[in-house]
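Heads up: the sequence lines are chains H and X, in that order.
Heads up: the first sequence is residues 1 to 265, going by the working numbering.
Heads up: the second sequence is residues 1001 to 1685, going by the working numbering.
Derived from the structure by calculation, the hints contain no laboratory data.
Among the hints, a few may not be true.
Claimed, not checked - Below 25 Å or equal to it, Euclidean Cα-Cα: the simulated BS3-like pairs (lysine-lysine) are: (1) H:K95 to H:K148; (2) H:K148 to X:K1581; (3) H:K79 to H:K94; (4) X:K1581 to X:K1604; (5) H:K95 to H:K79; (6) X:K1604 to H:K84.
To be verified - Sample of chain H residues lacking proximity to chain X, with all beta carbon distances greater than 10 Å (derived): (7) A74; (8) A86; (9) R92; (10) N108; (11) K131; (12) R165; (13) R220; (14) Q245; (15) G248; (16) R249; (17) A255.
Stated by the list, open to error - Per the computed footprint, the stretches of chain H lying under chain X, defined by three or more beta-carbons under 8 Å from a beta-carbon of chain X, are: (18) 109-123; (19) 203-214.
For glycine and all other residues, C-beta sits at the position ideal for the given N, C-alpha and C.
So you can see what is in the structure, the chains are spelled out below.
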Amino acid sequence: MNHTDTALTEPILAIDALKKYYGKSASQTKALDGITFQVMPGEFLGIMGSSGSGKSTLLNCIASVIAPSSGSIAIGGQKLQTLKGAALAAYRGKKIGYLFQNFELLDNLTARENILLPLSLHGVREREGDKRLSQLAAYLEIHEVLDKFPAQMSGGQKQRVAAARALILSPDVILADEPTGALDSRNAKLLMEKLAGLNRDAGATILMVTHDTNAASYCRRILFIQDGVIFHELRRDYPDESGQQFYGRILKVMAQLGGGSANVL
Amino acid sequence: MFSKLVSRNSRRSRKENGLFFGSLLISIIAFYIILSLPNQDVMFFLTTMESQAVDKLLSLIPALFGAALFILFFLIYYASKFQLERRRHEFGVYLMMGMRRGRLFAMLLAEDLAGSAGALLIGLPAAFLLSELISLVTARLVGLGIIGHTMSFSPQAAGLTAAGFLLIKFAAFLILSSAISRQEIGALLVERPDGTKKQLPAPVYALAMLAGIFCLAAAYRMAISGRAWENIGVMGLTLLLGMLGTFSLFYGLRFPVSLVAAHGRSDRRLHAFNVRQIQETVVRRSGTLAVCSLLMLSALCCFGAGVAIARFYGSSQPHVLDYTFPGDERASGIAGIRETLHEHGLDASFSDLFEMKIGHIQTDRDYETVFQMEPVMTALQALPSSENRDVLLNNLSYATCPYLISLESYNALLRAAGEPLLSLQEDEAAVYMDSEWTNDSKSGMLNEILQTRPRTVLDGHDCYLTGTVQTINPVTDRSITLSFALIVPDDVFERRTGDRGSVYLDGVLSGTEDTSLMSAIAEMNKKLNATGLTYESYLQNIGRHLFYMVAASYITIYLAIIFLIIANTIIGVQFLMSQQKSNSRYRTLIRLGADSRTLRGSAKRQINWYFGIPSALAAFSSLFGVRALFSGLLPSSAAENRSEMMMISAAMIFVMCVIEYLYILAVKRSSDRYLLSLMVPRREE
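Please work from the sequences and hints to get the whole structure.
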């Protein structure tokens, strides 16, 4: 996450003419129809759009869960299509960290074990993660739940534990899929503040898909997607523009996004 | 549409779940094999000479069938449960679409029937072939020959098999489908693990484990000390302690597993995940695992008993005589028998026909003092103390009025057996002991003493014992066993028995090398029956012997296999079921970057532990159980072969390990396929 000066000029994630079609000719659905954008190191990028706009497909393509029909995804200069087997698995854990809407914590593991799971998956010695674990736990305020099982935690705690798990291997990019979707407003606010703090203070690169205008107002830049193409882009004039003002601008775009407004109101 | 859905679903379940279909086939085969027992060649043959005993055994078949129904019900139940559990989501969708519960029930019932019919269609022919194979192999093993074999499909057995199978299948179906139909749609739609049960404080589990170990130790002690056989109460207590101990130990296993989970750190891939998965399964299923472990133990004990019975009762004494005709039962005596045989042209079939004279001493003396052999007893007492010596001392102390055997007739027997003949002086006697009453070690001790030509007193006259202990049975009739007899010169025999001994005509069949002995004797029996002569054949006696051996080992080994199969199927199915329930966990792992190799490795490690824990305990317990069984079931002559018994135990544990290994392989393959299915479709979404 500690980017160098040269890295500032090179995108950490480059999406080029990405297409994902489902089905054959007549009944074909174009989930992604040629999307191109770049994410710079240390950026906090939001992706918004109505249901079925293709934003989840985009995230899943980047997460290598879905193979795109054409186009390319490059992370740190390396094309995703060229990765196979072990390299692909290593990519999933080390290059990207994934934050799920419904946390996806393993319910029979304690918070600590959940957070350390990626280390164990990628053959990293657990001791090497101990220091980072205590830093993350302190920052995300989850110290007291480290030895508890998910069933014994609140939703907010669960999502912050999940965030710690996504961050434990210091991935290049954090992909967040509606991270506030299952949280109440207080916990959603707390989580977004922590994510924004990580981005601001530690330079974490975050790519977040969301419906939630509130959550989106923490981003520096927002891409709006409709019918598989980028439809609009908003940049927050940081630090001059306040979160509140940016929120207002997002609402306006959402109102223009035909079907999308239904999700906001 | 409905019927199309039914037929597609049942075809799919056959294809997708080999384990389930396999257990259906096993049940069908197991039923048919019991029910077709009366059609086995060995049984046909035994019926001709031991019809009463065979009838007694065959009357046991309904009970055995009932027991098999009961045991196999659990197999079907668990297999069907797994089968239905994996389709929960599908059922939820049907109900969401507005299918009525009654309709769903009817659909499942129709699927179940279609599946059962398919299983019967494949299972019955397979069962028939297998039972024919068993029939041929046993016939060959006992020397019946397979020429006379006729295919014997039993429609009655097939009908009962189908009925029994459908009965337990239907019972399992009713229980399971009513459980499913009671659930809310929401609960059906969401697949999730059962979650962790409420945990009790750790010391409770530690105590349970200690209590388990204590109970098991007590049961082992009672088993190997032989106290378990004292009476039925002690036996019941031993079994109860053993079962209680097993359950308690498995319950308490949560303690060490959670210790490992909390403190054991390892950098092995997915170590924490594996330990937690094992902890969950052990915690949630400690009862089932304990039952499986007990089933495996029962299987090992049954195997042990079956093998031991076959091994020790099967090793019969050297076979010399084929027929014995009692001479006392005809007024014309031996001469009359010879004449009858000649008249029917049967004497030519015997290579040897000779008289065997055995008699009781006629005397006025007290029976306690007719025969005195103090020098022998003193010499025995001087030998180093051993169990064999004490048994011999005890047995010989009763030999105060032994039977006498005439030297001439015994020599005729020795000649027929190709053994060196005995020669005795007027004042000498040789010792005969039935092989059931002696063994190599006892005969060895006695032979050493006989070399000193000890002086004994027989009916007031000096009598020097000489030669070696003879053990070849003088007649075929196994109901006549002489624990101790003296072989004496003929004139001594005539004098002592007052010419009131019994005379038998012993016969050895000629040309039995060419055909199987069994069929030769069966053939001769038919001819002899026509003559009206009374006779005892080797086969009749060995037949009785053979019968008990075959029946006991057949039943015990049959039960052992069934127990083992059920235990393993339950464990395997339970594992796959819990794996499927935790599919969201596996999906998360995949998203976190677990490759298929890591996931499969993790599942394999879990499978090893899941199978390993109950089988290890069963194997350990069987060391005691089998030993206890041996000491209870086998004659004392077998008890001295401790090392051989332990070898049998080890061999059985090895066989179990092989079967476990095969099951583990099958479950691993099934698990691999499942995990791959989790990885593949998501990428093609």
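*With a cut-off of 25 Å on the C-alpha distance, tell me whether H:K95 and H:K148 pass.*
violated (28 Å)
*asked:* H:K79 and H:K94 were given as a pair; does the straight-line alpha-carbon distance stay at or below 25 Å?
replied: Between H:K79 and H:K94 the Cα gap is close to 15 Å, so the pair holds against 25 Å.
*Going by Cβ atoms, does H:R165 stay more than 10 Å from chain X at every point?*
Nearest chain X Cβ is 8 Å from H:R165, so the label is violated.
*H:A255 and chain X, when compared Cβ to Cβ, separated by more than 10 Å*: holds (31 Å)
*Consistency of the no-contact label for H:A86, given chain X and a CB cut of 10 Å*: violated (6 Å)
*Minimum Cβ separation between H:G248 and chain X greater than 10 Å?*
The assertion about H:G248 holds, with a minimum of 35 Å to chain X.
*Within the segment 109-123 of chain H, is the number of residues with a Cβ closer than 8 Å to a Cβ of chain X three or more?*
With 9 residues in contact (Cβ-Cβ under 8 Å with chain X), the coverage given for the segment 109-123 of chain H holds.
_Just to make sure I understand the rule, a stretch counts as covered if three or more of its residues have a C-beta closer than 8 Å to a C-beta of the chain. Does the segment 203-214 of chain H meet that for chain X?_
With 0 residues in contact (Cβ-Cβ under 8 Å with chain X), the coverage given for the segment 203-214 of chain H is violated.
*asked:* Does H:A74 clear chain X by more than 10 Å, comparing its Cβ with all Cβ atoms of that chain?
replied: Nearest chain X Cβ is 19 Å from H:A74, so the label holds.
_Please check whether the beta-carbon of H:R92 is more than 10 Å away from every beta-carbon in chain X._
violated (3 Å)
*Is X:K1581 close enough to X:K1604, meaning Cα to Cα at most 25 Å?*
Distance of about 17 Å is within 25 Å: holds.
_Cβ separation check - H:N108 to all of chain X, threshold 10 Å_ = violated (4 Å)
Hint compliance for this structure: hints 1, 8, 9, 10, 12 and 19 are not met, and every other hint is.
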